[in-house]
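Line by line, the protein sequences give chains A and B. Its first residue numbered 909, the first sequence is counted upward by one per residue in this note's numbering. Its first residue numbered 909, the second sequence is counted upward by one per residue in this note's numbering.
Rather than coming from a laboratory, the hints here were simulated on the basis of the structure. Treat the numbers as computed from the prediction; the structure is a model and nothing was measured. No residue lacks a Cβ here, since even glycine has one placed at the ideal position from N, Cα and C. Be a bit skeptical, because a hint or two may be false.
As the list claims (entries may be wrong) - Here are some chain B residues the structure puts well away from chain A; computed CB gaps all over 12 Å:
#	residue
1	H910
2	D955
3	A960
4	G969
5	T974
Said to hold, decoys possible - Ranges between beta-carbon positions, derived for each pair:
#	chain 1	residue 1	chain 2	residue 2	range
6	A	Y1001	B	S1027	17 to 23 Å
7	A	R929	B	D1020	15 to 21 Å
8	A	K999	B	A1000	24 to 30 Å
9	B	Y1001	A	G1024	47 to 53 Å
10	A	Q942	B	A1000	48 to 54 Å
11	A	D1003	B	Q942	45 to 51 Å
12	B	P991	A	P959	35 to 41 Å
13	A	S1028	B	D992	16 to 22 Å
There are 2 protein chains.
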Amino acid sequence: MHALLLIAHGSRRQKSNDEVRALANRLKTHSSVQYPIIHAGFLELADPLIPAGIQQCIQDGATSITVLPYFLNSGRHVVEDIPDIVSNSQKAYPDIDIRISSHLGASDVMIDLIIGLASSSTSNR
Amino acid sequence: MHALLLIAHGSRRQKSNDEVRALANRLKTHSSVQYPIIHAGFLELADPLIPAGIQQCIQDGATSITVLPYFLNSGRHVVEDIPDIVSNSQKAYPDIDIRISSHLGASDVMIDLIIGLASSSTSNR
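Model the full assembly from the supplied sequences, consistent with the hints where possible.
As C-alpha cells, this is what we get:
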C-alpha cells in the first residue's frame, strides 16, 4: 500500500501549518486510489516531524512511501536535511521502500500554474 | 501592454533568488503573447524590490501589471505586506492598472502538480 508524505518546513504561525494539513486532506480526497495513505509532516517547528510522519504512514499499513518536499527552492533543506532524515528512517525500516520526489519548485507544471493564477487577478485601483 | 511581476520573499542565499529569476525567464519563453513583459521581484533581501520591479515593468511599456505572490502560505507577507507596497505604487502610477493575483499556494492546480511530482520519485534504498 502506497503512502504520500507531504513535507513542509513548519512555521511558528500555527495557521501556516494548518494550511499544509488542509492541503494533505484535499490530496486525500482527490488521490485516494493512487495514495490510500496521505499525511502532512514538517522539517521543524510543527508536528509530526518527518520520522514521526513516516512512522504514521507505516502504522497505517504503508509498504512504500513517497516523501514530497513542499518547498519552492532547492536550498539546504531540500538538498541535505530532508534526504538525511529520510535516509535514517530508511535504515530503521529496511522493508519499506521510502522515496523522495523532486521538490515542489522543480515541477514542470509550475509555469502553467503561474499563468493560470495570474489570470485570476483583481484590480487594485 | 500587460506585464507579469513574480514576487518571491527574497533570500540571503543568492542561489534561491537566482532560481526565482530563472523561473521568470522560463515564463518569458512560454507566455510572451499573454505577458510581453515579465520580471521577478522580491519582498526583501534581493533586487529588485517590489516598487523597483513595478517601475521596471512600466519603463518597459506596461500599461497594466499583474503582481503574483510566489508564496505557499497566506501569511502576513501575502495578506498585508505585498498589498500595502503595491497599493503605494498604485498611488504613484494612477494610470497603470496594477492587480494582485492569488498567491501560489492557493492554486487549484496544486493538487495535480503534487500528484505529478510524487510519481517522479526515486527509491532511497
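> When the hints from earlier in the document are held up against this structure, which numbers fail?
Replying inline: 1, 5, 8 and 9
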